[in-house]
Amino acid sequence: MAKFFKKIRGWGSRPGTIAVLVIGLVVGAVFFGTAASFMVYANSEKFCATSCHEMTYLAAEHKDTIHDKNRSGVRATCNDCHVPHGYIPNYLAKLGLFYDYWGHFVTHSIDTKEKFEAKRYELAKRVWGYMKANDSRECRHCHTTSKMDPELQSEKAKARHEKLRTEGLTCIDCHFGIAHTEPDGPGPQELTAAANAAKK
Amino acid sequence: MALRVLAHVRRMVAGKKAGVVLLAGAAISVVGLSLFGTTMIYTSTEAFCATNCHEMANNTTREYQDTVHDKNRTGVRAICPDCHVPHAPVPLYIAKFGALNDLWSHHITHSVDTREKFEAARPMMAQRVWTYMKGNDSRECRHCHDATKMDPEKQSPIAQAQHARAKREKMTCIDCHFGIAHHEPQGGPGPQELEVDKSLIPRSAIF
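Protein chains in written order, with the working numbering: chain C, 736 to 935; chain W, 12 to 218.
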């Protein structure tokens, strides 16, 4: 232990070491500030919805849906549904941005409306799979089930939410195609049924 | 000049351990800022805000329970900081500093430590919040409620008419929507009667 302290004192003994430390502090602060600001900026509608033309299709579909415009003006923008809110999952998701760059700059996988429409079902399936796997975590970040008042919901909604609890379903099993155009093909529940049938 | 600065920097980093010191500095910054950020987030949770001191837990939190901002059709909520703490970084830091005042009254002056004292102070505290909200055009309300994204056709005819009036007469959310999450104080002026003295508005409200 004493040796350890001596070592540290050794580092600080040179003139200018404090200056180097201060430079280090500044470098660290700038790095951290930039990274954190980028996390916030990359979640804004300005970046997410309009920065690349691929997303503008999706932004146009989101416009005037219930998550964009409603009675109270409380909204959910891109990141609320599509980016995790916990630290580590958020960072991992942000790294996934590179995949979007790859698609945008290199493979041009959905750079026209036609290509996008052709790929829509595959893209939707990917998001549904993600949401099913984490029990619609991003939905539940805003929608707290325990704070829903069933008495304010329609009879149909009450019955279906009851079914969700008894049959182990999750939000996206029913609430799909609500913010973007629904693709042709089997929905989340049919996909699960098909997967289960294939397993047997 | 530039050369002299460069020479100076070279002398400073001449030591073998300069790189280590630099990295140590950077690490201290990252850890320090992470702790700071985490504090900001933790002190804005319900676990801290609503239940940590009995002044909040026994009065304001209880009143808030089952109001529309706590429990509703969709389960989308607004908790303490959504309405009472600014969302932009600098105003947020200022507001967190202001919370030291709460520690002061909790530990030293005991200003609202009983239900009776709280009730007696309620009109004064409500007026303080209303003034704050009027002073920044209900900024915290608008952080969630985007007026341009409200669909008037889904609102009741009364709401439509009142919102049109609010726009015409340059009123703000809190002018009408007060006493919705906590009990409305008995006596004293309501938000519409309040004169807003700009000098009394905390700086964190104006930024």
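Misleading hints may appear alongside valid ones.
Which stretches of chain W does chain C cover? Using the computed rule of at least three CB atoms under 8 Å from a CB of chain C, they are [what the hints assert, rightly or not]:
#, segment
1, 28–35
2, 85–92
3, 136–142
4, 150–159
Mimicking DSS-like on lysine-lysine, the simulated pairs with C-alpha atoms at most 27 Å apart in a straight line are [said to hold, decoys possible]:
#, chain 1, residue 1, chain 2, residue 2
5, C, Lys882, W, Lys28
6, C, Lys882, W, Lys165
7, W, Lys82, C, Lys882
8, C, Lys860, C, Lys898
9, C, Lys804, C, Lys882
10, W, Lys82, W, Lys160
11, W, Lys165, C, Lys893
12, C, Lys804, W, Lys28
13, W, Lys178, C, Lys898
14, C, Lys893, C, Lys854
15, C, Lys867, W, Lys82
16, W, Lys160, C, Lys798
17, C, Lys804, W, Lys181
18, C, Lys804, C, Lys848
19, W, Lys165, C, Lys891
20, C, Lys804, C, Lys867
21, W, Lys178, C, Lys738
22, W, Lys181, W, Lys165
23, C, Lys860, C, Lys798
24, C, Lys804, W, Lys160
25, C, Lys850, C, Lys867
26, W, Lys178, C, Lys798
27, C, Lys934, C, Lys860
28, C, Lys829, W, Lys178
29, W, Lys28, C, Lys893
30, C, Lys741, W, Lys28
31, C, Lys882, C, Lys781
32, C, Lys798, W, Lys165
33, W, Lys82, C, Lys893
34, W, Lys82, C, Lys891
35, C, Lys882, C, Lys898
36, W, Lys160, C, Lys781
37, C, Lys798, C, Lys738
38, C, Lys867, C, Lys935
Simulated from the structure, these hints should not be mistaken for laboratory data. Using N, Cα and C, we set each Cβ at its ideal position, and we do this for glycine too.
Hint-by-hint comparison with the structure:
| no. | hint | in the structure |
| --- | --- | --- |
| 1 | 28–35 | holds (count 7) |
| 2 | 85–92 | holds (count 4) |
| 3 | 136–142 | violated (count 0) |
| 4 | 150–159 | holds (count 5) |
| 5 | C:Lys882 x W:Lys28 | violated, 56 Å |
| 6 | C:Lys882 x W:Lys165 | holds, 22 Å |
| 7 | W:Lys82 x C:Lys882 | holds, 5 Å |
| 8 | C:Lys860 x C:Lys898 | holds, 23 Å |
| 9 | C:Lys804 x C:Lys882 | holds, 22 Å |
| 10 | W:Lys82 x W:Lys160 | holds, 22 Å |
| 11 | W:Lys165 x C:Lys893 | holds, 21 Å |
| 12 | C:Lys804 x W:Lys28 | violated, 58 Å |
| 13 | W:Lys178 x C:Lys898 | violated, 44 Å |
| 14 | C:Lys893 x C:Lys854 | violated, 35 Å |
| 15 | C:Lys867 x W:Lys82 | holds, 25 Å |
| 16 | W:Lys160 x C:Lys798 | holds, 10 Å |
| 17 | C:Lys804 x W:Lys181 | holds, 23 Å |
| 18 | C:Lys804 x C:Lys848 | holds, 25 Å |
| 19 | W:Lys165 x C:Lys891 | holds, 20 Å |
| 20 | C:Lys804 x C:Lys867 | holds, 26 Å |
| 21 | W:Lys178 x C:Lys738 | violated, 71 Å |
| 22 | W:Lys181 x W:Lys165 | holds, 22 Å |
| 23 | C:Lys860 x C:Lys798 | holds, 22 Å |
| 24 | C:Lys804 x W:Lys160 | holds, 5 Å |
| 25 | C:Lys850 x C:Lys867 | holds, 26 Å |
| 26 | W:Lys178 x C:Lys798 | holds, 24 Å |
| 27 | C:Lys934 x C:Lys860 | holds, 19 Å |
| 28 | C:Lys829 x W:Lys178 | violated, 40 Å |
| 29 | W:Lys28 x C:Lys893 | violated, 67 Å |
| 30 | C:Lys741 x W:Lys28 | holds, 14 Å |
| 31 | C:Lys882 x C:Lys781 | violated, 31 Å |
| 32 | C:Lys798 x W:Lys165 | holds, 16 Å |
| 33 | W:Lys82 x C:Lys893 | holds, 15 Å |
| 34 | W:Lys82 x C:Lys891 | holds, 20 Å |
| 35 | C:Lys882 x C:Lys898 | holds, 18 Å |
| 36 | W:Lys160 x C:Lys781 | holds, 16 Å |
| 37 | C:Lys798 x C:Lys738 | violated, 65 Å |
| 38 | C:Lys867 x C:Lys935 | holds, 20 Å |
Checked against the numbered hints given earlier, the structure breaks hints 3, 5, 12, 13, 14, 21, 28, 29, 31 and 37 and satisfies all the rest.
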